[in-house]
Each structure stands twice: as structure tokens, then as C-alpha cells.
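Participant: Listed below, chain by chain, are the residues.
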Amino acid sequence: MKKKLIALMLTGALVSSMGGMAVTADDYGSGDIKVWVAENVVDFTNEQIGSFMEEHPEFSGYTVTVEPVGEGDAAGNMITDVTAGADIYAFAQDQIARLVTAGALIDVEPGNAETVMAENDEGAVAAATVGDILYAYPITSDNGYFLYYDKSVVSDPSSLEAIIADCEAAGKNFYMEINSGWYQTAFFFATGADLTYDTDADGNFTACNTSYASPEGLVALREMVELESSSAFQNGSSVDKATNLAAIVDGTWDSGAAQNVFGDNYACAKLPSFEGCDGNTYQLSGFGGFKLLGVKPQEDENKLAVCDAIAAFLSSEEVQLARYEAVGWGPSNLNAQQSDIVKADEALAALGEQLAFTIPQGQYPGDYWTLATSLGDSIISGELTPDSSDDDLMAALTSFQDTCISYAG
Amino acid sequence: MADSAAAGRAKKSPAGAFFSALGGSIKEIGTTFKEGDWKTRISYPVFGFGPLMRKQVVKGIALLACELLFIWYMVGFGWNYMSKFATLGTVATEKKGRVTVYGDNSFLILLFGLLTIIAVAALILVFVLNVRENRREELLLREGKALPPNRKVLGSLLDENFDKTLLTLPMAGIFIFTVLPIIFMICVAFTNYDAQHQAPSNLFTWVGLANFRELFSFGSSGFSSTFFAVLGWTLVWAFFATFIDYFLGMGVAILINRKGIRLKKLWRTVLVLTIAVPQFVSLLYVAKMFDPDGLINVYLMKWGWIKSAIPFWTNPMLARITIVVINIWIGIPYMMLIATGLLMNIPADLYESASLDGATGFQMFRFITLPYMLFVTGPFLLTSFTNNLNNFNVIFLLTRGRPQSMAMAENAGRTDLLVTWLYKMTVNNTDYKMAAVIGIMVFVVTAVITLVVYSRLPSVKDEEAFQ
Amino acid sequence: MKENSSIKRKRAIGNTFTYIALVLISIIWLFPFFGLIMQSFRSFDPAVEYGGMVDYLIPKTFSLDNYRFLLSKSTNFLLWYRNTFIIAVFVSIGQTIMILCVSYALSRMRFKGRELLMRFWLILGMFPGFLTMICLYFLLKQFGLTQAGAVPGLILISIASSGMGYYVCKGYFDTIPRALDEAARIDGASRAKIFFILTIPMAKPIIIYTMLVAFMAPWCDYVFASYVAFGYDKSYNVAVGLTRWVWTNDYQGYFTRFCAGGILIAVPVTVLFMFLQKYYVEGVTGGAVKG
Chain B
1 MKKKLIALML
11 TGALVSSMGG
21 MAVTADDYGS
31 GDIKVWVAEN
41 VVDFTNEQIG
51 SFMEEHPEFS
61 GYTVTVEPVG
71 EGDAAGNMIT
81 DVTAGADIYA
91 FAQDQIARLV
101 TAGALIDVEP
111 GNAETVMAEN
121 DEGAVAAATV
131 GDILYAYPIT
141 SDNGYFLYYD
151 KSVVSDPSSL
161 EAIIADCEAA
171 GKNFYMEINS
181 GWYQTAFFFA
191 TGADLTYDTD
201 ADGNFTACNT
211 SYASPEGLVA
221 LREMVELESS
231 SAFQNGSSVD
241 KATNLAAIVD
251 GTWDSGAAQN
261 VFGDNYACAK
271 LPSFEGCDGN
281 TYQLSGFGGF
291 KLLGVKPQED
301 ENKLAVCDAI
311 AAFLSSEEVQ
321 LARYEAVGWG
331 PSNLNAQQSD
341 IVKADEALAA
351 LGEQLAFTIP
361 QGQYPGDYWT
371 LATSLGDSII
381 SGELTPDSSD
391 DDLMAALTSF
401 QDTCISYAG
Chain Z
1 MADSAAAGRA
11 KKSPAGAFFS
21 ALGGSIKEIG
31 TTFKEGDWKT
41 RISYPVFGFG
51 PLMRKQVVKG
61 IALLACELLF
71 IWYMVGFGWN
81 YMSKFATLGT
91 VATEKKGRVT
101 VYGDNSFLIL
111 LFGLLTIIAV
121 AALILVFVLN
131 VRENRREELL
141 LREGKALPPN
151 RKVLGSLLDE
161 NFDKTLLTLP
171 MAGIFIFTVL
181 PIIFMICVAF
191 TNYDAQHQAP
201 SNLFTWVGLA
211 NFRELFSFGS
221 SGFSSTFFAV
231 LGWTLVWAFF
241 ATFIDYFLGM
251 GVAILINRKG
261 IRLKKLWRTV
271 LVLTIAVPQF
281 VSLLYVAKMF
291 DPDGLINVYL
301 MKWGWIKSAI
311 PFWTNPMLAR
321 ITIVVINIWI
331 GIPYMMLIAT
341 GLLMNIPADL
351 YESASLDGAT
361 GFQMFRFITL
371 PYMLFVTGPF
381 LLTSFTNNLN
391 NFNVIFLLTR
401 GRPQSMAMAE
411 NAGRTDLLVT
421 WLYKMTVNNT
431 DYKMAAVIGI
441 MVFVVTAVIT
451 LVVYSRLPSV
461 KDEEAFQ
Chain C
1 MKENSSIKRK
11 RAIGNTFTYI
21 ALVLISIIWL
31 FPFFGLIMQS
41 FRSFDPAVEY
51 GGMVDYLIPK
61 TFSLDNYRFL
71 LSKSTNFLLW
81 YRNTFIIAVF
91 VSIGQTIMIL
101 CVSYALSRMR
111 FKGRELLMRF
121 WLILGMFPGF
131 LTMICLYFLL
141 KQFGLTQAGA
151 VPGLILISIA
161 SSGMGYYVCK
171 GYFDTIPRAL
181 DEAARIDGAS
191 RAKIFFILTI
201 PMAKPIIIYT
211 MLVAFMAPWC
221 DYVFASYVAF
231 GYDKSYNVAV
241 GLTRWVWTND
251 YQGYFTRFCA
261 GGILIAVPVT
271 VLFMFLQKYY
281 VEGVTGGAVK
291 G
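Protein chains in written order, with my numbering: chain B, 1 to 409; chain Z, 1 to 467; chain C, 1 to 291.
No lab work stands behind these hints: they were computed from the structure.
Since the model is a prediction, treat every value here as computed from it, not as a measurement.
Any given hint could be a false lead.
Said to hold, decoys possible - Simulated crosslink set (SDA-like; lysine to any residue; CA at most 25 Å straight-line):
#: 1; chain 1: C; residue 1: Lys112; chain 2: Z; residue 2: Val58
#: 2; chain 1: C; residue 1: Lys112; chain 2: Z; residue 2: Arg135
#: 3; chain 1: Z; residue 1: Lys307; chain 2: Z; residue 2: Ile321
Work out the full structure: start from the sequences and follow the hints.
Facilitator: Have a look at this one:
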């Protein structure tokens, strides 16, 4: 009996001393870390994190689970209930201000922040910044749009009028989602109207800089109205949902689908230019957009350190390149952008060309997007038509601009 | 429930009844203490002590258990929240270095504070029952009567008190998962809980009537005009959805039930498919069919009937009409089923004598069928009208409220009903305070319509008459 | 005789028109389902046929790719299906028990506050359900019944408040003659015994109706189910899983797969419904008359 007890105590001591040793080698403790990424990169992310954890035995106390939650849902869920949300999650940069306000994002660890700012393209860094603070790790810089078209139908992809004429002649459709705040800016920014918001470090909107209600804005709006009146025009931005497609303004995520539809006639180009009602020619502009990775505020310092490390790793050059190879997401990392395989990608090349004419998408209040949808819907539903007077259009723009301003402050 | 029971006894003035019952209870508590023995007096702090001493084990244990449960709840959980209820929390979340230290969670304080307040009310009720039980027992003993054996007390739960057994679980469920949340959301309407004040990172607090003032302010925010626009469409929609389906459904039922029509069962089965197939499958598919590039437009264009796509979903007026039309597809079968059963109840000799008098088919419908149907289905029409006021699925799955308009606030669209607008506010904007206000308004609209119409229905008789 | 034949002719003409109308109605009613079935047989594999939206109804090649995909390991569809089935079964049983209890108590027993209780529940029903969604979410979270626990959570929520839907069932109980109860009571049967031995066996049609309605609802539950699952895709039900395929941009080319999934859900539910249609008709008709 006694022997047994001693043996028991001995093993107990041994176990505890081993435990103690483990603690000295691994003072990060243990826990669960939840990661939310879009469904099509779940497997990829799992693999990457697996190899990362192998390389870092000091984090071995943590179990990382990757769950498929799309970027849109992720932001919504994080805002609804931060505590139940993921520790690390991917989201589109238009959500960042809301997330900061709701307390769902912690600023990037200062050591990592320097690296992130040095290694990623300027637009991506700007998109991940609220106030003066970097709140997220950029992972892609491909969230922009350009033109996919059918070579056999569209002869001159550089002019909107020519594209429309070709489509009308062939009885095919040109798609652009003009009731989306994201695509709409292609027209407004082209003519020189602008719309940006200033935010403070808490994610609150402090000021709205806009000149939509101006002669420039009028030219843009009239062009949209004219475009909508064409029989070839359809509102939309998804190749899969499009029918009878000849050209579409869309992003890199649809390149596979576009290649399927167009087959040998597949081609891409930067957005066309158009001749405004004032006789000038404008190059379509728009937003450059980015996918970001955020870390949730943590109550435990060690867990935060592990989350920081994982997020930094998932946004690093090698993982961005690997992600491009796996699912074709264009990297935001400068070195990765310069690699040969990325440069050889037709769609990314077109996007790269277009990016020169875009502005990096900053922070916009959630209401902006729905407001923009309303403006687009007014065009599509025929409230605004080519016959509308300049006054009518200007009235719409003024109300739009006033509402935009009311969101700030 | 005792309060409500007391109030129920005198229907004429519930408030008066309530206060007289309250006064009665207080008086009873006093007399019982004064006249009671030591067992009864100890029962005041220790519930159920008297019954236990008098060998009324079942009642004694039940009362004591209530008190202990309450104390356990209060100490471990409830007090913590209730004490902060007045402010909804004062300790803000802060960052120490890079670590976040969460402060008070206003949401949980409000929710569990409410629960605790209700628990206190329940305890007072149990206390009154406790006193009353002691009093009853003492009086019985004084009269020299024996107290009922425990077996009988338990047994009564399956017999004369069977209603209590049956209703306990349903009432508890409804209380926790319907009543408490509704009280909670009514409270939210008086706070500033929205995207800027999101627990746990930010605190929210009471703001009085500010949200209601915003709803009814005719200022630049446009909230008020949007509310009335949405309300208007909601009423119009409910009217058309209810009555078009009602008459068409009846018409189809009459068609199928005509003498000499064969395959009655087949026709019914075809129609009933729309009830059987889950709506999220059928309606999502139908919504796609009406897209500008959907099947309907594409085929109409292929056949050359139209030149450009009909904007079923983007033109506000057309979108509304399309929704009503598609709702016919969903709604007719229900009415058809109901009408089929009811039409058989109309005595055939009524029609025979009418046709002998030379009445036409339409006249027979107008003077025999319709009055009967309207009389019998009055309450059904009313409930289907209120259901349509809140018909979330059809609108949500078909248009999600679109098209939106520049003229509307808070993302409201031209086809939004109050409920779908409410949904957008909670899920997309996390603007809970205004959602709560709109929710209260939906309640008011439904309640007013129900009250006004219900009392005028011809078929509303004393419910006992059915038996 | 002559008159008779003219009436007959009139009726024959009338019937012909009725048949035409009924055939037209049937075509309109069946067309979307026909489209759905056709789409479900169009492959999403670009090598076979283009998988997005197309402007024709009949697929060029019939293929089972969508069904193969749904039954394969590359999606959680089967898991969602199982979740929904489990929810439907439990909700169906639980709601029926709740409703039977409430209906019996309100129909047969007379107790203090009965009318007030009924009026109170009627008023509660006028509050829109979505209002309380956020609150219910946090209540469930407190019990650990969200995300991974969403399935039991949804069952709990669906059953908990179901007592308020007693109207149809109580209406049916009201039509069972009270004299039967009285006779049994004179024979010394307790209320509980009457409930179990007498009332429940007589209420078979309404029990089947209640179970059927309760069983069908979870297949359609999108809003609250997506809230409670909170992004945890192993807890999705079919409505949440499939709706995401149609709406989100993350999942492109899933339209035909949605159609196939829809068919897989609709077929068993429809078959069940058709089997029990008789009881359903009885239930809705009774419910309509009693309001």
C-alpha cells in the first residue's frame, strides 16, 4: 500500500516537473483560437496554420480551428456579438470602421505594424488604417474591378460607347452594377467628383469630403442614366448570374467563371473611358479594394500574442503567394506582386492597369452603401431618365450629398 | 398569476380590482401575523415552515424550495445585475497595454436585471401564498377539521388541479422565451442601444422618449416620412394579399367542386404543392425567374413579345404588383382547402330552391355562398390580415424590400413591410433602439386593427356557444 | 326532356371551360417546380455545361453532378439535412405535447384567470417575433445553446413558446362533447385519466395535423436559425446553408446545386404532406372557422 502511494507520488512529481519544464519552454499557456475565413480558403488556411504551428512549438498549447464564414457575414457577426466571434477573421475593408466602433478589432501589434506598412502596397495599408492607427493585416489587393469581354463581340474595349454599340448590334448584354456604391464611384471619381470620409481612431466619422452635387457629378450621373437606357445594359456584377453576356465590369474572383463563359474569346482590359455630356472624355475610375485580416481584442495577453503571430503569418509574403497559387487571390504584398506567376495573370494585369486610375477605398459609413443602392435604383426604376432635366438630376445629387454629409459627425 | 386572477374576477375595472386585491392581501398578511401561532410567524422569514410543522410536507417543501431557489439565484447571479439596472452599467471597457479589460455589459445588465426584478415580484407572490396557506391551515385546525393528507394534495394535481400541472411548463416556456424578451425590447426602445453603443465594448443607457421623438419628428432625418410610407404599403399589401387570395381561392374551390368535374383530387393536389414545398426553395427560385435576365423576361424577349426586359423587381410599382401576384400562387391553395370544406356545409336544397326560382350562378354566389362564407370565415379573414401585415417570408425571399429609394431612411425599400424593415435594422444596421420602436408600432397597428374589427365580426359569439 | 338536355348542354359547356381554367392554373402552379427540377439536372462542371444562370429551361445535357456533389464530402449538405431532420422531429413532438396540454386545460378546465390568460397570449402574439431575436440569442448563449449548440437551442426556442398556438387544437377539443367527460368523472376517473384515456385517442386527427405543421416549419426557418448558428456551419439547417449559396458572392456557380438541394428537401416533405393531406385540410378548415 505504502509502496503504491510512493510510486504514485513519484509519478505525480514527475508529471508536475515535466509540466513545469513545459511551462518554462512555453509560457504562452493554452487555449482555443477560432479563425473565420471564406469557405473556399478554409482548407488552404488550415494547411498553412498547421505548418505554422509545427514550426512554432511554443504555441502548441493552442488549438486553432478554422471555420467557413464569408467576409460579409464575419463582420456582421462580430458586431452582433464580439465575445462569441472569431479571434482572427477576414473581412472586406469597407467594414473596418464599423468593426472598430463596435470594439471588434484591436490595433496591429507595433512590431508587426512596421513590417506590414513596409511590405504591403500603399492602398492596402491605407485601407487597414483608421485614424492614424493600423487595425488590420492586409491579405489581398485584388478587390477592384475591370472589364471582362468577349473578343468576338467587343472590338474596342477602351471606349464605353463602342462597347455598348457592339453589344447592341450583337443583341448581347453589358453588365455593370450601377446600384452598388462600389461600382458607382467609377463614374463619379472619373469626372472628378469625390467622396471620402475622415475617421477618428475610434472609427467614428468626423467629416465628409464630397463634391457630388457639382457639374462634375452631373456629368457622371447623366452618363449613368444614358448607359442604363441602352437595351444592352443590365445591372449586375456576377458572371454566373448573367445571361447572354458580352462584357461585364467585375473582379478577379470571377476570372474562372468568365473564362468558362467566353472560352477562346476571353479577354480582359482596364475599364473603358466615356465621352461625357460636356464633350470631354473621362477614364472610368473606381475603388481599389482589399481583404483584411483582423484580430479581436483579447483579455489574455498570451493569447493575443499568439493571435498576432498567426495573423502576421497569414498575411506574410510567402502565404500570400501560396494563396494566389491555391485560389488566385491577388496579393497585397509588394514582393509577392512582383513575382513572375502573379505578373503573368491576365486578369490581375488588367486590374493592375486599372488600379492606376482608382483611389484606394477608405472608410465609408454602412449607410453610404445603401444610400448608393437607392441612387442606383432610382436610375434603374426610371425615376431618373435621359429625359430628366439637369435640375432633376442635380436635385438627386444634392439630396445624396446632404445625406452623405449627415452621416459624419 | 394571482394578481391577474384577482383582476379577472371583476372584469369591469381591472385596475380597481387589482388595488382592492392588493389591499386585501396586505391586510391578510397583517391579520395572519397578529393572530397566528409561532409556526405561522416563523413561516414569514422561513417559507413553508408552518405547513412543514403541520405535516403538510408537499406544500411546505414547495414553498421552502421557492425561497431557497430565489436566494441561490440572487446571491450567485441576480443581485449583481439588478444593482446596476438604473444606470445600465458605469464601468467602461478599457485597454491596459494591449490587453482589453471588459467593463459592464449593458445588454446583460438590462436582460438579467429585468429577470431579477421579475423574480423578486414572483417571490412576493409566493410569500403571499405562503401566508395564505398558513392562515387556511390554522383556521381549519381551529375548527377542529383535519388537514388533507399529502397524498391527496399531490393527487389533486392530476385531478381538480390538473390545469396547473398542464399549464406550468407551457407558461414557464412562454414566460422566459416570449414575455421576458418582449419586455426587454420594450425597454430597449427607451435606451440608446445601437451600433455606436454596442455591448460589451461600449455602454448604453436610458434616454427616455428620445427614440419616439425621432420617429415622429418631421425633420431632415426623414425617419417619420419613411415610417408612414412603409406603414402605408404594409396596409395596402395586407389588404390585397388577404382579399385577392380569399376570393380567388374561393373561386378555384367552386370550380373544382362543380358537379361533373373529374379528378378533383388531382387538381387539389397540384395546387397544394405550394404549401408542401418549403417556401425558401420555391420563392427563391420564383424570384430568380422574374429577374431582368430571368426565364420570364428571356422567353418573352425570345418570342419577340417585348423589346427590353420588364423591370419586375426594380420598378417600385411593378415590384409591388409582382409580389401580390406571386403571393396569389402561395395563398390560393390555403383558401381553396378551407373553402372546399366549408362549401360542403351549405345545404344543397338552398341552391336547388334558388335555381328553381331562376337564380343565375352568380346570383347564387352573391346571395347564398358569399354571405355564408363571410359569416363563417370572419375571424379567419382577420387573422390572415394580421398575418399578412407581418408576412416576412414572401417579401424577404422575393425582394428583400427592394428597390431602395433615396427618399427613404434607414435602408427602407419600396416593398419593405414594417417587419422586414425591422429585420434590416436589427441584422444589418444593429440599430436596436429604433427597431424596438418600430416593433412597438407594429404591435400598436396590429392590436388596433384586431380590436376594432374583432368586436364587429358577426360570427364572434360567446365562445361557450361552440360547446 | 328537352329542357333537361339543354341544361345538360349548358353544364357540359361550363365544364369544358372549367377544365380549361383548371389546366391553365395547373400549368402556372407547376411551372416553377418544373423549372427547379430541370435546373437541378444541369451540371455545374464547365466541361459538361455552364453552371451559372442561363437563358434556357431544359439543360443541354442531363447530369447528376449536383446530386453527386450534395451527397459527397465536399459540402456539409448531409449534415445540414440531418440537423434539420432532428430539429423537425423534436419540434414536432414537443410542440404537440405543449399544445395538447394547453388546449385541454383551456377547453375543459375552468380556473381563475383563464380568460385573462387567453387574452394575454393573444396580445403577446401581436408583437413581431424578430424584435426579440437578439434577446433570445443572448438567452440561448447563456445556456451554451448557440453556435455548436444551435440545434438543441433551436429546438428549445421552437417548443418553449408553442403553447400559444393552441387555437386550432382547442377548437377541436371544444367540439368533443363534454357529456363524455362528465360521464367518466361520475365513474370516478380523474382529470388526468380522462385526458390520457379519453381525449387524446379522440384527438388523433388534430394531433396529426399539429405534428405535421410543426414538422414542416423548421425546413423553412432561415432567419432565426442563421442567427443562432452564428457562422458555425456545422449547425446550419438546410435553409441557412442553401440560402447562402444563392445570396452570397463567396459561393458562385452554386445556383444549380441550390436547385438540386431544394429538390432533395422538397420531395420528402411533399410526400409526407400528401400522405397526411386529409388531416391538414381538417385542421386548417377547423382553424379557419374558429379563428
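Participant: What hints, given by number in increasing order, does this structure fail?
Facilitator: Violated hints: none; all satisfied.
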